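Enquirer: The chain contents come next:
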Amino acid sequence: MEHGVAPRGLAERLADALGTDAVKTSPEDLAVYAFDAYSELGPPAAAVLPKDARDVSAAVRIAKDCGEPIVPRGAGTGLCGGAVPARGGVVISFARMNRVLELDLANRRARVQPGLINLDLSRATQPHGFFYAPDPSSQKISTIGGNVGTNAGGPHCLSYGTTTNHILGLELVDSDGEVVRTSLDDTGYDLTGTLVGSEGTLGIVTEIEVRLMRLPAAVRVCVAAFGDVEAASAAVSAIIAAGIVPTALEIMDALIVTAVEAHYHAGFPTDAGAVLLIEIAGAAEDMAASEAALVGIAREHGALSWRAARDPAEREVLWASRKGAAGALGRLAPNYYIQDACVPRSKLPQALHRVEEIVRDHRLRVGNVFHAGDGNLHPLLLFDRRVPSEVEAVVSAGTEILATCIELGGTISGEHGIGYEKRETLPLVFSPDDLATMGRVRDVFDPARRFNPDKIFPSGAACGEVRAQRAGAPLGGRAWL
Amino acid sequence: MRDATAYALGERAPSRVAEPADDAELAATLRECDERGDAVVLFGGGTLQRAAAPPRRFDVAIDLRSLRGIVAYEPSDLTISVRAGTSLDELSKTLLAHRQFLPIDAPSPRRGTVGGALAAGWGGPRRATYGLPRDLVIGSTIALSDGTLAKAGGMVVKNVSGYDMSKLYAGSLGTLGALTILNFKTLPAPQVQRAAVAALPEGTHERAVAHVREIAIEPAMALEIGGFSEIDGRDGIDGRLVLLFEGSAAVVERATRDLRSGLGSAGVPATTIIDRGAADVLQRAIDACVAPLDGGSITYRLRGSAGDTYVRARLAAALAATHELRCESIGDLRSGDVTLRVSPSGDRTFEQAAIPFDDDLHEAFSRATLLHAPDSLWGKLDAWGKPPEGIETMRSIKARFDPRGTLAPGRFVGGI
Numbered sequence: 001m002e003h004g005v006a007p008r009g010l011a012e013r014l015a016d017a018l019g020t021d022a023v024k025t026s027p028e029d030l031a032v033y034a035f036d037a038y039s040e041l042g043p044p045a046a047a048v049l050p051k052d053a054r055d056v057s058a059a060v061r062i063a064k065d066c067g068e069p070i071v072p073r074g075a076g077t078g079l080c081g082g083a084v085p086a087r088g089g090v091v092i093s094f095a096r097m098n099r100v101l102e103l104d105l106a107n108r109r110a111r112v113q114p115g116l117i118n119l120d121l122s123r124a125t126q127p128h129g130f131f132y133a134p135d136p137s138s139q140k141i142s143t144i145g146g147n148v149g150t151n152a153g154g155p156h157c158l159s160y161g162t163t164t165n166h167i168l169g170l171e172l173v174d175s176d177g178e179v180v181r182t183s184l185d186d187t188g189y190d191l192t193g194t195l196v197g198s199e200g201t202l203g204i205v206t207e208i209e210v211r212l213m214r215l216p217a218a219v220r221v222c223v224a225a226f227g228d229v230e231a232a233s234a235a236v237s238a239i240i241a242a243g244i245v246p247t248a249l250e251i252m253d254a255l256i257v258t259a260v261e262a263h264y265h266a267g268f269p270t271d272a273g274a275v276l277l278i279e280i281a282g283a284a285e286d287m288a289a290s291e292a293a294l295v296g297i298a299r300e301h302g303a304l305s306w307r308a309a310r311d312p313a314e315r316e317v318l319w320a321s322r323k324g325a326a327g328a329l330g331r332l333a334p335n336y337y338i339q340d341a342c343v344p345r346s347k348l349p350q351a352l353h354r355v356e357e358i359v360r361d362h363r364l365r366v367g368n369v370f371h372a373g374d375g376n377l378h379p380l381l382l383f384d385r386r387v388p389s390e391v392e393a394v395v396s397a398g399t400e401i402l403a404t405c406i407e408l409g410g411t412i413s414g415e416h417g418i419g420y421e422k423r424e425t426l427p428l429v430f431s432p433d434d435l436a437t438m439g440r441v442r443d444v445f446d447p448a449r450r451f452n453p454d455k456i457f458p459s460g461a462a463c464g465e466v467r468a469q470r471a472g473a474p475l476g477g478r479a480w481l
Numbered sequence: 001m002r003d004a005t006a007y008a009l010g011e012r013a014p015s016r017v018a019e020p021a022d023d024a025e026l027a028a029t030l031r032e033c034d035e036r037g038d039a040v041v042l043f044g045g046g047t048l049q050r051a052a053a054p055p056r057r058f059d060v061a062i063d064l065r066s067l068r069g070i071v072a073y074e075p076s077d078l079t080i081s082v083r084a085g086t087s088l089d090e091l092s093k094t095l096l097a098h099r100q101f102l103p104i105d106a107p108s109p110r111r112g113t114v115g116g117a118l119a120a121g122w123g124g125p126r127r128a129t130y131g132l133p134r135d136l137v138i139g140s141t142i143a144l145s146d147g148t149l150a151k152a153g154g155m156v157v158k159n160v161s162g163y164d165m166s167k168l169y170a171g172s173l174g175t176l177g178a179l180t181i182l183n184f185k186t187l188p189a190p191q192v193q194r195a196a197v198a199a200l201p202e203g204t205h206e207r208a209v210a211h212v213r214e215i216a217i218e219p220a221m222a223l224e225i226g227g228f229s230e231i232d233g234r235d236g237i238d239g240r241l242v243l244l245f246e247g248s249a250a251v252v253e254r255a256t257r258d259l260r261s262g263l264g265s266a267g268v269p270a271t272t273i274i275d276r277g278a279a280d281v282l283q284r285a286i287d288a289c290v291a292p293l294d295g296g297s298i299t300y301r302l303r304g305s306a307g308d309t310y311v312r313a314r315l316a317a318a319l320a321a322t323h324e325l326r327c328e329s330i331g332d333l334r335s336g337d338v339t340l341r342v343s344p345s346g347d348r349t350f351e352q353a354a355i356p357f358d359d360d361l362h363e364a365f366s367r368a369t370l371l372h373a374p375d376s377l378w379g380k381l382d383a384w385g386k387p388p389e390g391i392e393t394m395r396s397i398k399a400r401f402d403p404r405g406t407l408a409p410g411r412f413v414g415g416i
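Taken in order, these protein sequences are the chains called A and B.
Using this note's numbering, the first residue of the first sequence is number 1, and each one after it goes up by one.
Using this note's numbering, the first residue of the second sequence is number 1, and each one after it goes up by one.
Everything labelled a hint here was simulated from the structure, so no lab data went into it.
Heads up, none of these hints are tricks.
When the alpha-carbon atoms are kept at most 20 Å apart in a straight line, the in silico SDA-like pairs for lysine to any residue are as follows:
1) K185/B to G243/A
2) K185/B to L408/A
3) K93/B to A241/A
4) K185/B to S159/A
5) K386/B to S183/A
6) K386/B to G121/B
7) K93/B to A242/A
8) K185/B to A242/A
9) K93/B to A189/B
10) K386/B to T369/B
11) K93/B to G243/A
Here are the computed distance ranges between Cβ atoms for each label pair:
12) D22/B to A95/A: 45 to 55 Å
13) A318/B to L105/A: 22 to 32 Å
14) R96/A to A250/B: 47 to 57 Å
15) R260/B to L105/A: 25 to 35 Å
16) Q126/A to P292/B: 45 to 55 Å
17) Q126/A to A72/B: 37 to 47 Å
18) A249/B to A95/A: 44 to 54 Å
Since the model is a prediction, treat every value here as computed from it, not as a measurement.
A virtual CB, placed ideally from N, CA and C, is assigned to each residue, including glycine.
Based on the provided sequences and hints, a complete structural model is requested.
Expert: So this is what it looks like as C-alpha cells:
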C-alpha cells in the first residue's frame, strides 16, 4: 500500500489488481454467489474471477487488508453451503482457471487448475487409455477444486477410493497471500492429505496434481431387481463379505427408479422394490466368473431379475440415469432435501429400515438412491417448501436420520461435507477435544479465521436456533449425489 | 522395567522406559514428561527407528507395545480397528482368517507394529498398487503431548466429517503425538500370489523394463534389483527383475504368459516362477530396505518419477563408485522409489568415504532420505536432505501440537 494514501474501497482495489472484468460487485452479479445446489446464505461484498495464482494471491491480500472473509467457489454444486458466504466478504470463483496444465502420461499424473470440470479431465485422458477415478454424480459440472474441498466421492469409491487417494500435490495461496506448493513426494508432514476435504477453510487451492489410472481392460454393468431396499442392501453386504469388490454397487428404490425411467427410459425394472446397479471392471479373464458369483449371491438374496448391459452405449445410459437420479425427482415433488450419511456396510439394512420408520413418523415421502457398497446413504425427503409444517418435518427427520447413523457406528457426511449445514451436528460425532485438535490445524493455516468462516466447526450457538434458520434454506434445485 | 539401553538411538540412550497399559496411562505419561521437560521417543517394534535422524534429546522411551489387540473387526464391513501397538503379523493373521489383508508392506512384521508403520509412513513395493498406509487409514485416536486424547475419522470408508487428521499423523514419526488406535479399510486377499524373477543379460535392460511397464496386467510389485542377494538368493550387481502378480488364477496365468513372451522377445532367456514362497520374496524385498550388511552399510531412499528409476539408480551407483563405495539398488518401476545400499569397498574407512558421499548424494538428489545407518555414522549423516517448500507450515504445526518440543526432538525434517 502506498504511504499517505488512505485505503480505498475493497472493490476498487480488487479491480486495480485483477482488472475490472474480473471483479463483480453489482447486486445482480452477486446474487448467484449466494447459492449452492442446496443452500441460500448471503451474497458476498464482491466476487473475483482470477486467471492465475497471482490474482488469487492479490485478492487474498486485499481481502485481508480490508478485514473481509474469503470463500472459494468451484461450480457451486455443493450440497451443504460450503461455497456460499456466511458472512459476506470476497468469493473467489475459479470459473476462469479451468484448464489442464500438463498431462504426464508416462508417470500417470496430470496438473490441472481448480476450476477444471471433473469430467473434462477424464475426457482429456481417455483417448490415451487413462482416466481420473473420482466421479461424483455432479462430474459433468463440478470442478476438481471443489472436489478437493469436499474430498468428493461418487459411485466408484468402492474400489478406487475417494478424491484424497488421487491427489498427489497442491498449490495454494495461504492466509498471508503467499503461494505454497505441497506434494506427496515431499518429506515432512502430509500437508496435501491434510488440505483435501478441508472445505476451503485452510487455504485457497490454485493448482492440483492428480493421479491418473489406466482404463480397465474390461467393464461389465449389471442390474438386479429386488423386492425392497433392505433385500438389495443385504445382497450388497453379502457381496462384500464374499470378498468381491466390484467397482460400483449402487441402489435405487422404487420411487427413484420410477422417476428415472420416466426421464431416461434406461430399462430399469419399474415393478421392483429396489434395483441394484453393479459394475465390475478389470481383466477380461475375470469378468465371467465374477458375474457368475454375483448372480449367485443376488439369487440367494431374493433377486427377482438380472440383466447385463450388452454394449458400452447401454452401460452409458444406465450410468447417466443413475447419476441423474436426483434431477429426475423434480417430477415427484416441488422440493427435496438430500441427506448424506455413512454407516458400516453391514449396518445398511438396519439403517434403511430406520430411515423408513423416521420418514413414516413424519408423514413424509422418501426416495433412496445411494452408494450401497460404501454404506453411504442418500435419503431424499420430498416436500413442498411452501408448506411450513413440511419444512419443519423434513428438518427434524434429517436430524433423526443423522443421529441414527451415528448410533449405528457411522458418520454425518460420507462425501458432501459439513459446510454450513451440518456444522452444529458435528459435535454429535466428535468431542470438544477432537474438534479442538482439528482447530489446532486451523490455527496454523488460518489463525484469523478468514478462510470460509462459519463452516465445518460448530458455532457454539444453541443447535435449535441454527436449525430454525436452516429450515428456510432448502431450495430443491438441481442436485447431484 | 525394561533395560533402557535396549532403546538407545545412535549415541543416546533414555534414562527411563515407560510401558503404559492403556490410553489413559499413556496420556498421563506424556503429560508428565511434557511438564517435566523430558524428551520422549515413542517405540513400537523399533524396526523403522533408523529411517529418521537420531533424537537431539532423549530422556524417556515410551514403549507402546502393551497397547495391543483388535478393537473391532467386522469382516463383512471390510474395516478393522486395532490398537497401535499390535504387531503387523498379528493383524495379518486376524485378517487372513477371513481371507482379507491390509497391504502395509513393512519390514519384520512380527516385531513391527501397526502404529509404527503408519507413523513412519512407510511405503513398500506394492504402494503403487494399493497406496501408502495413509491411503488405507480411515480413523485414528492420538494422545498429544499435553495429555489430550483426540479422535478423527471413524469406521466408515467414506467420511468428510471434519479434517482428515489421520493423514497428518501418518508419516509424522511420532513428532505430533502417540497414535493409540487406528482404523483401516481392508481388502479381500488375492486368490493367487506369484513371484517371477528374471536375470537381465547385458543389453536387455531397456526393452525388458519397457515391457514390464506396458504389460496389460500390472504386477502388484515390479522391482529391478542390483545386488541385495538376500531377496532371491542371486548374487551379482547385474540387474534382475523381481515381480509379484496378485489376483485370480486366470489373470495371474495370463500375466505370466505375457511376461514370458515379452521378456523372451526382449532377449531375456529365462523367467523363474515362484508360487509357494511368493509372499516370502515380497517380504525379503521389504526387509532388505532396512537390513544392514555385516561390514557396515547405509541405506537411502531416492524418491522420484517411475519413468527415470533406472537413471537415478545408475547415477547414484556411479557417484558411490567415485567415493569407493559398493552400491546395491532396488528400483521400484511402479512407484519410482529407488532404495540404495552403500558399503565400504576401498581403502578408506567407511566414515571417510560415507560422509562426503552423503553430501554429494543430497546435492545430486533433492529427495534422498535415510533408511538405515550404523550407530557410529548416524548422527553425522543428513537424514532428510533439503527441507520441502512447506517447511515453515510444518514447523508451525509442530509448535501447535507439541509446543515444548517434547516428542522426538530433532528427528524429523528440518530439525523438527
